[in-house]
Amino acid sequence: MDFVFKHKRISGILTILPQKAVKFEDEMANYNFSPAKCMKLKIAMGYNEHRIAAEGQTSADFCEHGLRYLVDNNLLNPNEVDALLFVSQSPDYFLPPTSNLLHGKFGMRQDCLCMDINQGCAGFELGLIQACMLLDQPAIKKVVLLNADVLSPKVSPQDRNSKPLVGDAAAITVIDQCQEDNPIYANIKMDGTGALVLNIPAGGFRMPSTAETAVMEEDAAGNFRSKDNLVMQGDEVFNFVQREVPPMIEHLYEQSGVDRNEVDWYMFHQPNKFMLNKLADKLGVPRDKMPANIVENFGNASGVTVPTCISYNLGDQLCNNTMQLCMAGFGVGLTWSSIMMKVGQLMFNRIIEY
Amino acid sequence: MDIKEFINNFAEQFDDLDAATLTPETEYMALDDWNSLVALSVIAMIDEEYDVTLKGNDIREAKTIEGLYNTVCQKM
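So the sequences go chain by chain: A and B.
According to numbering that gives the first Met the number 0, the first sequence is numbered sequentially starting from 0.
According to numbering that gives the first Met the number 0, the second sequence is numbered sequentially starting from 0.
It is possible that part of the hints are untrue.
To be verified - In silico DSS-like pairs for lysine-lysine, Cα to Cα no more than 30 Å straight-line: (1) A:LYS272 <-> B:LYS54; (2) A:LYS281 <-> B:LYS3; (3) A:LYS226 <-> A:LYS281; (4) A:LYS104 <-> B:LYS3; (5) A:LYS277 <-> B:LYS3; (6) A:LYS19 <-> B:LYS62; (7) A:LYS140 <-> A:LYS5; (8) A:LYS188 <-> B:LYS3; (9) B:LYS54 <-> A:LYS188; (10) A:LYS226 <-> B:LYS74; (11) A:LYS188 <-> A:LYS153; (12) B:LYS3 <-> B:LYS54; (13) A:LYS39 <-> B:LYS62; (14) A:LYS226 <-> A:LYS188; (15) B:LYS62 <-> A:LYS281; (16) A:LYS341 <-> A:LYS39; (17) B:LYS74 <-> A:LYS281; (18) A:LYS341 <-> B:LYS54; (19) B:LYS62 <-> A:LYS288; (20) B:LYS54 <-> A:LYS36; (21) B:LYS3 <-> A:LYS36; (22) B:LYS74 <-> A:LYS41; (23) A:LYS288 <-> A:LYS41; (24) A:LYS281 <-> A:LYS36; (25) A:LYS341 <-> A:LYS141; (26) A:LYS39 <-> A:LYS188; (27) A:LYS22 <-> A:LYS39; (28) A:LYS288 <-> A:LYS5.
To be verified - To be clear about the criterion: a stretch of chain B counts as covered by chain A if any three or more of its residues have a C-beta under 8 Å from a C-beta of chain A, and this derived list gives those stretches: (29) 1 to 11; (30) 28 to 35.
Derived by calculation from the structure, the hints in this document are not laboratory data.
Here a beta-carbon is modelled for each residue, glycine too, at the ideal position from N, C-alpha and C.
The following block holds chain B by itself, in its conformation from the complex (with noise of 0.2 Å):
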């Protein structure tokens, strides 16, 4: 699984965002977009292609992109 196919999944959960404006270091919450609605999705999303059930806790703790694919990883 790679980071840049995560960055991608990642960018459909949100309305209207281009995954170009993403980068592994961007801090998600910070970004205009993010509300707790985005946050399930992500979590329904990560459910859903990579079979790993993540909590609230483990969005709010993993702060950058890298960070929350790097708990994926280690979940699957």
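Just chain A, with the same shape it has in the complex (with noise of 0.2 Å):
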């Protein structure tokens, strides 16, 4: 599905990191693997640090910490908020949205509407689509989207698969109407055939949780993980990134008539640093403008990886410059989307840590 927006722009992003930073080489002995092959796999895939939030703390946490920075520096009046999103896989609780409760800690006006979007690695993409479409209203002047997930505790520390490259992180991004036309340009897709191909299986009603659910399994590779754990089939998934995303984005430099060289940044969804390299050389993009360095410093936090990318690897350049960026996610759904647009002039794209 395409859209174009126009009137619309990016005017601040916030990254908030948790602190406690955890080396490949601690949690190296939970896994089934030999060290010699553990670091092999290290250095292939570019492992080194992730950031894992606290006992604790909880996406919403994050959230709320980010918005309280932003409300204390003057960069953000939760009174003109019109729209506030929580894009997220680790809400709070099944009810009330999280979005409502945040609402109510910020005492945001009464029209101001919440929504939850339950959406991972293309959640970025999802909200800023779904924020333009709110921003499209007169009366909605000013979104603003938060990513964000804490899906730590749902990695088995035993599954040398998904636990090196797991990350907790959250978003904020401040997306308001302007006079300039700055056209954005996306589309998005949808394959539910492969829906199961990233599950987490137990926890929520289809299979509650029970002591059964916790029973930890062996695999086929050698992990042990229970129901109540996040599983991947790591083949399906790069088998479907490398098919399904070059065609969507050679479909958006048609669709936004922008060229591939004419792109300063491509900030893609960071799966491990493997999976971006491949896809770069597959788009014919030089491997330095497609960024892959957050999974080695910070880890994979779904839909949280694009706008640290972005904050990770611009910071100020982004407030004081306008650039052609082109954002992408995929993953989990299946799910995966692009987007053309110029970001710039920035009130702020910076990360504090929590």
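Using the hints, put the two standalone chains together into the complex.
Structure (structure tokens):
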């Protein structure tokens, strides 16, 4: 599905990362593989350290801390928020929506629309598309998009497939109506036949958590996880990304009229360095235009990797300049989405810790 | 597409493996340097060079380089 939006812009991005950094080496003993094999994987995948939330910290906590920072620094006025979107796979409760909880903590107006969206890897793109659709309404002038996930508690410590890469984080993106055209081109696709390729089997209503769902089982590759844990079919996901993402980006070039060489930065979802490098190669794009450094420094926090990638790699540059960005997210759902837009003159584009 | 060329392409997916040490009978999953990442690299290479999409299962079932070569040929 293709979208085009005008007269909207991103005015600021704040990424909130956990203070706690855990090194790959410190978790190696948990895996059912020799230290030598683990080190080889570390070098090949670019694992290094990842940021993990402290016990008891939830996605909502990171969002609250970030919102508090923006308010205290006069970067956001809660009264001006017309819509609050919380995009996450780790809400505080089944009900009420986490966006409502945050709305209450900051005394936002009754007219402020609150919405929780369950999405992961393509969460930033989907959230941005939803924000723009809302901003098409004359009365909605400012949308605050929250992307947050604290999934580390759901990943088995003995799962060498997933544990080294998971990260916890949150990001706040403020999107406003503006006078300038500033066209935003976006597309999004879904394939529910691949829905269970990325899954946490137990804990929802389909299969409630019980003593049985907590039992650790070994898979064909020697990893251990329970039904309460995240399970990811690595090769299926890899094939999916290689197959679907390049045609989507090619379509985006056509749709937007922007040539691949005019793009300043490819800010893509960061599953791991290996997949991103292969993707850059397949797209015929120089690897250094597609940063792949988020997993090795912070881990993969699903929908938050794209704003993290932007804050970390560009920082102030995006406050003082305007750049042509191509963003993309792909994964859980299966969902894949991309956005072509100019981003710049941001009020803030930074990382804080919590 | 000949098996020698396939073996060369296969060997390239490893960090430091001499193609000369591989034969069609080599059981690749038993190689010291084999890991899930090499498996993904092989899948990517087969996609790029031969335009064939393999799954992890195909890799696990083929067992030998010749077995894998035959699987790819069948799908071409």
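Status of each hint after checking the structure:
1. A:LYS272 <-> B:LYS54: holds, 21 Å
2. A:LYS281 <-> B:LYS3: holds, 25 Å
3. A:LYS226 <-> A:LYS281: violated, 35 Å
4. A:LYS104 <-> B:LYS3: violated, 66 Å
5. A:LYS277 <-> B:LYS3: holds, 25 Å
6. A:LYS19 <-> B:LYS62: The given pair, whose Cα atoms are some 42 Å apart, is violated under the 30 Å limit.
7. A:LYS140 <-> A:LYS5: Holds. A:LYS140 to A:LYS5 sits at ~13 Å (cutoff 30 Å).
8. A:LYS188 <-> B:LYS3: violated, 40 Å
9. B:LYS54 <-> A:LYS188: holds, 22 Å
10. A:LYS226 <-> B:LYS74: violated, 35 Å
11. A:LYS188 <-> A:LYS153: holds, 27 Å
12. B:LYS3 <-> B:LYS54: Between B:LYS3 and B:LYS54 the Cα gap is close to 23 Å, so the pair holds against 30 Å.
13. A:LYS39 <-> B:LYS62: Within the cut-off at roughly 22 Å; holds.
14. A:LYS226 <-> A:LYS188: holds, 28 Å
15. B:LYS62 <-> A:LYS281: Holds: B:LYS62 and A:LYS281 sit about 28 Å apart, inside 30 Å.
16. A:LYS341 <-> A:LYS39: violated, 39 Å
17. B:LYS74 <-> A:LYS281: holds, 21 Å
18. A:LYS341 <-> B:LYS54: Violated, at about 38 Å.
19. B:LYS62 <-> A:LYS288: Since the Cα atoms of B:LYS62 and A:LYS288 sit roughly 38 Å apart, the hinted pair is violated (cutoff 30 Å).
20. B:LYS54 <-> A:LYS36: holds, 23 Å
21. B:LYS3 <-> A:LYS36: holds, 28 Å
22. B:LYS74 <-> A:LYS41: This hinted pair is violated, its Cα atoms lying about 33 Å apart.
23. A:LYS288 <-> A:LYS41: holds, 23 Å
24. A:LYS281 <-> A:LYS36: holds, 28 Å
25. A:LYS341 <-> A:LYS141: holds, 18 Å
26. A:LYS39 <-> A:LYS188: Answer violated: A:LYS39 to A:LYS188 is near 35 Å, above 30 Å.
27. A:LYS22 <-> A:LYS39: holds, 15 Å
28. A:LYS288 <-> A:LYS5: Measuring from Cα to Cα gives roughly 26 Å; hence the hint holds.
29. 1 to 11: violated (count 0)
30. 28 to 35: holds (count 3)
Hints 3, 4, 6, 8, 10, 16, 18, 19, 22, 26 and 29 from the list above are not met by this structure, while the remaining hints are.
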